[in-house]
Structures are given as structure tokens and as C-alpha cells.
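Trainee: Residue numbers (this note's numbering), protein chains in the order written: chain A, 255 to 987; chain S, -12 to 145.
Check the hints yourself; a few may be wrong.
What the hints assert, rightly or not - If you want the footprint, here are the derived chain S segments under chain A, 3+ residues with CB under 8 Å:
1) -10 to 1
2) 80 to 89
As the list claims (entries may be wrong) - One side of the interface only, derived from the structure: several residues of chain S facing chain A at Cβ under 8 Å:
3) Val5
4) Ala59
5) Ile63
To be verified - Covered by chain A, per the in silico footprint, the following chain S stretches (three or more residues, Cβ under 8 Å):
6) 29 to 35
7) 119 to 129
These are calculated hints, taken from the structure and not from any lab test.
Small disclaimer: the values here were computed from a predicted structure and weren't measured.
All C-beta atoms, glycine included, are put in the ideal place defined by N, C-alpha and C.
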Amino acid sequence: MKNESTTQNGVDEDILRLDFSEVKQASPGLPVDRRRFLQLLGGGIIVCFSIPDSWALQEGERRRGMGQPLPQDFNAFLRIGEDGRVSGFTGKVEYGQGIITSMAQILAEELDVPLDSVDMVMGDTDLCPWDMGTFGTMSTRFFGPALRAAAAEAKAALIALAAEQLQVPKERLRTKGGAVYEEAGPKRVSYAEIAKGQKILRHVKGAAPKPQSEDTLIGKNALRRDGPAKVTGQAKYAGDIREAGLLHARILRPPVHGAKLIHADTSGAREVEGAQIVEEGDLIAVLHPYPDMAERALAKIKSQYDRPAASVDDKTIFDYLLKVAPQGQTVAQGGNLAEGRSAARYVLEQMYLNSYVSHAPIETHSALAKMDGNKLTLWASTQTPFALQDQVASLLGIAGQNVRVITPYIGGAFGGKSNNQQALEAVRLAKLTGKPVQVVWTRAEEFFYDTFRPAAVVKIQAGVTESGLISLWDYGVYFAGERGAPQFYNIPNHRTVSYGSGWMPAPGSHPFATGPWRAPGNNTNTFARESHIDMLAAKVGMDPVEFRLKNLNDVRMHRVLQAVAKKFGWSPARAPSKRGYGVACGTDAGTYVAHMAEVAVDKNTGSVRVKRVVCAQEMGLCVNPEGARLQMEGAITMGLGYALSEEVRFKGGEILHSNFDTYTIPHFSWLPQIETEILDAKDSPFQGGGEPPIICMGAVIANAVFDGSGARLLQLPMTPERIKAALSKLQSS
Amino acid sequence: MKETIGFRLNGRAVSFEVDPSRALLWVLRYDLGLTGTKYGCGEGLCGACTVIVDGKAERSCVLEMKAVSGKAITTIEGLTKNGELHPLQKAFVEHDALQCGYCTPGMIMNAYSLLLNTPHPSRRQIIEHMDGNLCRCGAHQRIVQAIQDAAEHIPKAH
């Protein structure tokens, strides 16, 4: 059926019709009956309030190039069904970080409903309030309070309506278990009976969230709400969506970045039964109902490319970056560097290097696009569904309202699923063929088009006095960005300069795309800073923990350092102590972390075995401690990769990895004993949890390697070759 | 080119015409609609596509259809019996032994094959057996714990 946008009784039929069914899972975590509820109740009704209320305003913001404000109407955040179940709406998405659980906790807490009665609807542009994207560890910090405030107002409105319905003054009403009841009286009405599945029209301005002392769910452990769907294979990812008449696309790719297609002969591909070839401008694709058959047909295309000469590779990149670096931006400074230098007994100067690192989520970029007249529905593995909606609208020249992006579960992202290239490819092909088209990148495409964590250089000159006080800190970071760059020690004379943006640098800075990678910039900056601090400590013969504490005024950092030292069982010693112990600390997304590690270095092979990692974290009020610990463990395990093995090898625009055989990510056999501690900070606002615990992994292992072997590693990853080189340099000196 | 290939899938006999050189993964996901088995690397390097073939864990992305003729295949969808989660599935839920969940079906199927042959594995045996299954989120510590825990709860009959 062709559909013009017809509006009847204020309900957009197209949007209603585009509602989900069981196979096309609308949103992570939404049980089938919930999907039916939304379907019956009408996506249309929800759309009716969320679009007219906020769309005009948001469009205005969008035109000004600003983010859009969150809706004022609490109904945009939640809905109470006739069955009493609560749907929570967020533009944030779930890629493993666990907000599907913590956001449900926030809603259930404030509404006084059981946690298992809340279902989160996430990253659906038709149903959820606008959101700029899920990155930067901002979900709980910034969306969390808004969600809680919406729930507080919803509850106040429910109480006000109950007061009228029950004929009881609202001061005598309490809430519990999804109902309003009379204190010391028999009268009771459930939220479901009040809301009747409809938008709540009553508004109560200034309704404050309940005091933290009354919290019963926030701060308590909750198991992942997506666990059952994920262990049974029922959880749907973008590659799992099926549509009638679906074609799977495989796209002809250049062998290296920057290559130009000279000629392609598609005749062989056309002979594959069922294969359809699309050629339009730079896009040559094979479509087939089965992806493996599309792959076979693609392999029959003969292509010739003009390859640009390789001018830089993974060894020469650092010199190149220093050469092309633009003028620096001073991001922090204080005192007088000359004074700091003259006060110093020792001045240490060092350069630290980081290679390109891949995101390498196990789910490759996936999307399914379906056109219906001038409307498009798109299921995509994306961290930015609303930005994608804009991208699609602009690509197709249609209004944003005609594009619905649905974000199913995402199989890992880590900053790498923000560009949406695969989704736009699916959209283009769906438009060209008139059929639903699915694009699921191969692993080789994933490595080729990944927006790598940028290679970066840090130069530090620092001075320390005879008594172990840091007097000078002159820090320059090239191409990692400023996140985590400003130091937090008590250093009277300091300067921090950032050269070149972290992940959106001037064209030509990198031979391929770069982008945000879990705690962008901070891994590089923390590696350099904390390695250098350790070297200063060693220079003055002080224990590295004692040295840090002596040079720190920040109370929160003192607290995490002391906590990690206690949990680890640190006893003071001058490094290298031969124990293989390391320490590092840092801040990210408002959270303070300190790590300690124990390693064993095999001096013959140069390999490092990380035996134990302990992490203490102060993250403000923690919604779900078990979920936060899961993130800490995950970050520590993932961080072993960039510390020890992960490095994108390349020659010009050619990426020399196409799979996990040569790009090695952490395995089970690398697993150290991991211990975590979340410090109590219930009186502070929510801070970040997804990114902070990875930032110390380079430095904590480098410092442990130094403590164990005496070899100081100045480049990540610390491969066996680099460790052997550092050890032989040590012997020769 | 196509042949009729028959096998048992999650306890039920299936038989259909298919190109025998196609990989089982794609047939499961597209022809048979079982999307719990995931594509991760296509070369048997990550384990996301692990299924059980005649009691052994196999990488379905590199297993041709002709190799499964007459065999018994179990996928993640076949582990739940009468709505009751398998002890491994339960343990993965109870230990929060997953994050994004994409590698989870392959993890569980590979662990299942371990417990079939080694009902009470040591931690070392678990790590060795699971080493080729990749998880990018870093759920490893809890996956090991979940497998240890499940091993204690699996009835002897297994």
C-alpha cells in the first residue's frame, strides 16, 4: 500500500502502521506483550504527544545547530499501561553498558513500582525523546536526572488524580507497588486504573524526586534485565531483523583507502542465480536473498583500482603526526614554567607513543532499510539513532518525520558505531532496488572502515625537587585530544597543550578515518601522565603511591588511591622492586579511578602476564553497583588489549588486518584476577561508569612492567618485541 | 547443484534442498530463521557462531552443509527445554556473565560442549576450552564463574 501521510483524528496512520511485530523487535528488552501493548495503544498516541509537543522546538534547536532539549512533558519519558506495566522511553541505546537495567531502576525507584514491571524502549526515533547519541558516559549522568524528574512529576500527577478519585486529601496518600493508597485507611487505586493506558494530562510543576534516604532500588544490585533474552538467542540485533522480500547486500570495496575505481566487470556476478547487481556512481553492490550467495557473486566481480602511493606506515606515523600537527591549544596552565625548572633537582623529558587501535566489536556494523513510499524504516546498530535519522532525511531529501530509526540490541560499540556508514549504504540500496535491504559488514570491512582510535604522541617535561615535590609539568599531546590531558597533581608551574583534535582532526592528519574510542584521549593521556609520574617517583627514590599522595591535594583522588592500595595489599617500596607491582590513577566523566596491577615479565620472550588487577572507583551515586562492577571488569579486560597487543598495522591506506588472526584482542587465557571496589559516595550526583575504568590500563601495566623488570615502556601496545628491546636497552646502559 | 540434506535440528528432523557448499551459519540464520547463532568473523576465529554437531562444538561459519548431513545439531534455541532455561543459561543470567550479549550464544554453546564431555571442569580446563571464543566487552571473569557454577547444577543425566 502506498502511503501518503494522512492524518485522521490526530493519529498518523503511517506511523501506526509502521508499528512493530514480534519478528521486528522494536526495542531491546521489550517483551512481546509490551510490543503488542504499544501497538494496540497506538504508537500513534505516543507520537501524538511526543512529536507535536517537542518537534517544533527541537527542529528550532536543530536549525541552530544545537542539541535539542529534552521534552518538558513527562509523558515523553514514560507510560503506564492498562496492565500496570511501565514503559520507559529513552533515546539512549543499549550496547552492553547496562543502562537498560539502571534506567529501569531509576524509573521504578521514583515511581514506586516493582523493577520487573518496567520495560525500557530505547533508541527508537518514533517513540523516544530526541537524544544526541549514546557516548561520553553521559547516559546516567545527564539523562538519569531528567528521567528521575519525569518520574517524580508523573507520580505527583498520579497522586493528585488519585486524591480526586478517592476523595482523600493528597497529604494522606502514599505510593507503593504501582498504586496510590490511603495511609491508615482502606482506600487504594492502582496507577493502571488511574492512567488507563493513556497519556497523563495532569501536570504538577516542581515535583521533587524523593529523598535519597528513601531509595530502595537505586544503589542496590540488579541483574541485567536483558540477560534472559541474550542467553536464549532471542535478543535481536540489526542483523537479525527479517522482512519479506529482504535482499542482502555485499558492496565492492577498494583495496586501500583513497583508491579510485578504474574499471569493474560485473558480468561474472550476474551469472550467480538470484543475484542482482546495482551500479550507481561509486556504489557497486551485489544483492541476494542470502548473504553468503551475495558474497560469492561479489567475488566474481573483476575490479581495477588506482592505488595511491603509501607515504606513511605504522612505524613512521609518529614522525608524520608531529610534522603535520597544527598549532597547539593551551588547555590548562598555571605558575611559571621557568621557575618550576629552576626549582627542580631533576628534570625528566620523555615522549610517549600510542598506535591506532580498533574498536572490534563482535557484532559488525549492521542495518536493514525498508522504504515504503516516501517513508523509511531503518534498523541499525548505531550509537546515534537521531543523528542517523537526520543523515537519512538529508540523503533521501525527505523530512525527518518520515524516517524512523529503530535501534535493536547492539553487539558492542565502544565509540565505533557513531558514523552510520553501513546504515546509509542500506538506505541507498533500498531506495535503488525498492526492496528491503540488509547490510552486515564482514569482519574485513569492519577492520577497513573502523574509525580507529588515533595514533598519538605525548611529550612531557617535568621537574621534581629534592624532597619529591613536582615543581614543573610541561605537557604536549598530539592528536589524542584533551580529554584526560590536564594533570590533577598539586604542581605550581604547569602547562598542558593539545595539538590537533583527538578524533576529528584536519583532513590528511591520518591515512584513514579515526574516531572516539572508549574514553577518547584519556587512555593515551593517562598512560603518558602516570608513566611519567612513576618515573619521577623512581628518580627521587620514593614509593610510587607515596609520591602520588604527597603531590596530590585532591581529596577524592587520595581516597581512591588509598582504597586501591588497601585492597591490593600494597606495601611501600622504591621501583623497580622486582615485585611487578604497578599503580596508576585518573579521572574521566566525573569519576575517579585508581588501579593496581601485578605482572610477571618473561625476559626471554618479552611477554607479560598480568596476574592481578585491582580497581577502586568513586563514581558518585551508583545506581547499580553490580552493573558498575561488570563495567569495571570489562574495561580492565578490554584494556589489556590496547596495553599489550592491539595495534593497527597499515601501509598508507592499506589496513593490514582483515580478521582476528592478526589483530589480537584479549582472550580467556589472558584473564587476570580482577577485584573491584566502588567507594561510597551516595551524596554526590551520578557520575560515569562505562569509560573511566579503562583509562589506567596502559599506565598501570607499564608501571608494573617497570617495577618487575626495570624496563620502561614508552609505547603502547607493549608487545613482546618492544619489551625485549627495552630490556636490552636496559642491559646495555 | 542443490541437494537434499537432512539432519536433526534441536531435536527435530529437517530435510530440504540446499547448496551443499553453503556454510551452516547462513542456512541457520536465513533459511531456517534461527538468528541466535551469530556471525562474527566468518573464518572460525571468534566463536560467535558456535553450535553443537553430534556432541561437539563446531564453528558454523566454516562448516559446509554437506558436512552436517545426517548429524544432530543443537543451537542456542535448542537449549531451553519446555520454557526452562538450561543450567548454563541460568548461570549466565545469574552471574551477569554478558554485556552486549552478541558473543553469548557462542559462549554458551561452547561451554555446553565442554560440560558434555567434562562435567566437572577445573578453572584451567574452562579457560583452555573457551580460549578461542572472543568477547570484546570483557565478560570473561563472569563467564568462567558461570560455567563453574552451572557445572555444579547440571544433573548427572547430562
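Trainee: Each hint should be assessed against the structure and marked as holding or not.
Mentor: Status of the hints after comparison with the structure:
1. -10 to 1: violated (count 0)
2. 80 to 89: n = 8 at 8 Å, threshold three: holds.
3. Val5: It is violated, given that the least Cβ distance between Val5(S) and chain A is near 10 Å, above 8 Å.
4. Ala59: Cβ of Ala59(S) sits 18 Å from chain A, so the hint is violated.
5. Ile63: The hint holds - Ile63(S) has a Cβ within 8 Å of chain A, the shortest such distance being about 4 Å.
6. 29 to 35: Per the Cβ count (5), the hint holds.
7. 119 to 129: Held - the segment 119 to 129 of chain S has 11 residues with a Cβ nearer than 8 Å to chain A, which meets the minimum of three.
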